[in-house]
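Asks: We have chain A; now place chains L and W with the ligands onto it with these hints.
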Amino acid sequence: MDMKANKKKLGLKEKYAHMTRGLDWETTYQPMDKVFPQATFEGIKIHDWEKWEDPFRLTMDAYWKYQAEKERKLYAVLDAFAQNNGHLGITDARYLNAVKLFLTGISPLEYVAHRGFAAAGRNFPGVGPRVACLMQSIDEIRHAQTQIHALSNYNKFYEGFHAGAAHQIERIWYLSVPKSFFDDAFSAGPFEWMIAIGFSFEYVLTNLLFVPFMSGAAYNGDMATVTFGFSAQSDEARHMTLGLECIKFMLEQDPDNLPIVQKWIDKWAWRGIRVLTLVGMMMDYMLPKRVMSWKEAWEIYFEQNGGALFNDLAKYGIKVPDCITQCTVDKEHISHQAWCTFYQYAHASAFHTWLPNAEEMDWLSAKYPNTFDKYYRPRYEQWREMADKGERFYNNTLPMLCQVCQIPMVFTEPDDPTKICYRESDYQGEKYHTCSDGCKHIFDDEPEKYIQAWLPVHQIYMGNCWPEGTDPTAEGFDPMAKVLEWYHIENGKDNLDYEGSGDQANFAAWRGAATQNT
Amino acid sequence: MSTVFIAFQTNEDTRPIVESILADNPHAVLDEQPAMVKINAEGQLVIKRESIEERIGRSFDLQELQINLITLSGNIDEDDDQFTLAWKN
Amino acid sequence: MQIDLRTVAIKPLRHTFDHLVERFGDKSASRYQEGSYNIQQEHIFHYRPTWDADRVLFDKKRTKIQMKDWYALKDPRQYYYGAYTIARARQQEAAESSFEMIEDRGLAELIPAELKQIALDVLVPMRHVEWGGNMGNSYITAYGYGTVITQPCLYHAMDHLGVAQYLTRIGLVLDGPDALDAAKEAWMSGAAWQPMRHHVENLLVLDDWFEIFVAQNLVLEGLLNPMLYDYLDADFSAKGGTAISMMTRFMAEWSAETAKWIDAQIKTAAAESPENKEQLSAWVKHYRSATREALAPIAQRAFGDKADDVLADLVSEFNARCAKLGLAV
Ligand SMILES: [Fe+2]
Ligand SMILES: [Fe+2]
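Chains as they are written, first to last, in my numbering: chain A, 1 to 518; chain L, 1 to 89; chain W, 1 to 329.
In isolation and in its complexed conformation, chain A is listed as follows (with noise of 0.2 Å):
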């Protein structure tokens, strides 16, 4: 039969393009720039969208089948874990308290990606970004669902995750650092999105989010994070490939790209490495069992990986961003300068704090000679000691926070670690502060972005922090106290030192429990 003969099977490539190039067209009713009203004011290029390379083939019905496979599986075993008590096995309740920070503070910016996408995945005239991007959005409300959805078991024998994904983010001063990093990101146009998102976030830093805390989980014996993380990180791979696509697209469109592409870069790797100090913290910090430290995680995903695709992204003109130098300084000192800070404002967090003990310093010597033994263990010892003598060290002055990453002024000058870094700003006859030369700088470039941001103390003296219907003029107003209810934090149970906490104390007699029965 000829026409049968005539019929080869198509190629992957071929076959992709069918089934997506085409679908779209040139408007002629309605004029291009008002179907596409956000394709050009952030002044990016592009002559021809048939150039974008599709770094993923999948047509709907693959995506369904595999995604459906991965989520089969991952519901069997988040069952599973509910069924069987999954959450006493792992190492220690402490651990827990990674990843109450992860789900107050990172599963609501699964969200906002989920709607950033959906915008892109509409606003770009070619159909080729636009389905990657939509498929980013579809898989990123994945991530937020399966990490509540695995972390709500928690949220049932645990203190602290009860606020769920979305109230605190909008209120605790130190999660308003990733939520203004994606409000950034999502009140700018798609192309910046792509950048701060797509490339930045998805390329350059998700892997030191993911890998190390998903291996840091699996050490110890968080099955249900282990299994969302991993299971999230087979999406990455595409959200991955779809940054860098994006960028290579842009750069090779127009060479005035170019300027404004890295302008971008730099501005997006700075705000996303401020972001990670919290992973940071959590690794070094915060796991019983610790898989490798921030800085060596620094090292072989930022130095190795990133050096080798800015490698890759020198032929087009691309620099490795400025503030790299200061990262290299900042790796050795960030961690412990966030725990010291989470420390002294334990009673206005919504997880548990802890000194770390004597193995855990000679760990931390180990992996940090320059610097832990020099400038942190003498804090943490002195703490230490009054703690023991029942002065446990409670700061009760709220902190100044940078303009634009919102961190406390914590961070130290980069020639000088016993001296914190301040940068001042002068816009239309205020003063405004930050906490490092790139912070400085982003805010120079577009102050009259960053003076909106709400930062959470400044909010506190506002009074704009209370429950609503609060009084303060009556008697015996604890003004901290209405802030906390209106955190969703429950004084004494949420918040202050794990050492003595319910669930430390529901935990070993859970375990306790367990032990005895066989």
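These are computed hints drawn from the structure, not numbers from a lab. Keep in mind that a hint or two might mislead.
What the hints assert, rightly or not - Using 25 Å as the maximum straight-line C-alpha spacing, the simulated DSS-like pairs for lysine-lysine come out as follows:
{"hint": "1", "chain 1": "L", "residue 1": "Lys-38", "chain 2": "A", "residue 2": "Lys-15"}
{"hint": "2", "chain 1": "A", "residue 1": "Lys-263", "chain 2": "A", "residue 2": "Lys-315"}
{"hint": "3", "chain 1": "A", "residue 1": "Lys-51", "chain 2": "L", "residue 2": "Lys-88"}
To be verified - Coverage of chain W stretches by chain A, computed from C-beta distances (three or more under 8 Å per stretch; other residues unrestricted):
{"hint": "4", "stretch": "27–35"}
{"hint": "5", "stretch": "140–146"}
{"hint": "6", "stretch": "168–177"}
{"hint": "7", "stretch": "183–189"}
{"hint": "8", "stretch": "306–318"}
Backbone N, C-alpha and C fix where the C-beta goes; we use that ideal spot for every residue, glycine too.
Replies: For chains L and W with the ligands alone, kept in the frame of chain A given last:
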């Protein structure tokens, strides 16, 4: 030359995949971590459908790799027969 | 020592998250509830969007429709990502086996030439209409308010892409890649398709996301899907084109399923207030006549001299559906 890598969840499905990658890429280096197996290689890494099929005794679609994939680094080129990761510099 | 963790009976401290306790009481919540309710941020946003400086990132004011509680617009199918993909995976498996059987056994060659030509002329260019449906629904996902409605709109957007790809595949099965070129040509300049392309392009420039929901999901799909997957499909089956019916089975099932979800949204929004009801009804009336005009030449190609009757039937069934939803149309 820069290093490319690919990492999979450690499980029964990925064992033959990892085996065939190591066989097809003699310069590749295996790095086993908790729940994860990572393969690093200078320059490039090629995953061949046929090699995986030989080991699992059924037909294999390279898109199935995505089910257990954790992360990768390098530029991707994928067709029906092979999946390549490379830094071309 | 191996610990048998299963044997411990532990009383949970709570059953679910605060916002669900507030909404439904302290009891175990479903995965749909946990994954959908209040996971969109609501009050505090740092920066005004550069692309919409008068509003915040997630803003209730991007539509004329107003709801006291946007989470009233729940999805009766209770689709969260896992439930959705697993449902579609099952349907695609059935579709795949139909396509494979048709391709392997050359069943397309047994389709009477006249029917085949109708399928090529009517079904294949619809891939572009589906792409428009994808764009409208991704817009709603981006700019709508409240996850219970923005979430299923993304699933719907992806479904539209899937349907566009099944229609593409029908073209490839019937006439190879040339079928796609011919369909694109018809879409861009064929006289029968210009009213439809004009209509679809009009929907691409709407700002109000709920208006898009009405124009696209309720009205356009409400008239188009039954025309293709009900009336035309009956013709195909009756005249020896079962192979075509096999290839559109996914769409037939999908349009019946999604219509129930769309109905639930309209019904709830209309019942919320007289203002909503009036606005929704006005939109329906406007888009019903626009859609009917756009469909007329295509119905002509599909049904010949029965076209007017078919359209009249479709409109009256559609009107009955709207009346049940509480609209005055
Ligand atoms: Fe994600
Ligand atoms: Fe900063």
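Asks: Please verify whether Lys-263(A) and Lys-315(A) have alpha carbons no more than 25 Å apart.
Replies: holds (17 Å)
Asks: Just to make sure I understand the rule, a stretch counts as covered if three or more of its residues have a C-beta closer than 8 Å to a C-beta of the chain. Does the stretch 306–318 of chain W meet that for chain A?
Replies: This one is violated; 0 residues, fewer than the three required, reach chain A with a Cβ under 8 Å.
Asks: Under the criterion that the straight-line Cα-Cα distance not exceed 25 Å, is the pair Lys-38(L), Lys-15(A) satisfied?
Replies: Violated, because 31 Å separates the two Cα atoms, which is more than 25 Å.
Asks: For the stretch 27–35 of chain W, do at least 3 residues have a Cβ located nearer than 8 Å to some Cβ of chain A?
Replies: With 4 residues closer than 8 Å to chain A, the stretch 27–35 of chain W meets the three-residue bar; holds.
Asks: Need the status of pair Lys-51(A), Lys-88(L): alpha-carbon distance at most 25 Å?
Replies: holds (20 Å)
Asks: How does the coverage statement for the stretch 183–189 of chain W fare against chain A, requiring three or more residues with Cβ below 8 Å from a Cβ of that chain?
Replies: holds (count 3)
Asks: With a Cβ-Cβ cutoff of 8 Å, does the stretch 168–177 of chain W contain at least three residues near chain A?
Replies: Since three or more residues must qualify, the claim that chain A covers the stretch 168–177 of chain W holds, with 5 doing so at under 8 Å.
Asks: How does the stretch 140–146 of chain W fare against chain A when you require at least three residues with a CB closer than 8 Å, holds or violated?
Replies: As far as the stretch 140–146 of chain W goes, the hint holds, because 3 residues have Cβ atoms under 8 Å from chain A.
Violation of the numbered hints given earlier is confined to hints 1, 8; the remaining hints are satisfied by the structure.
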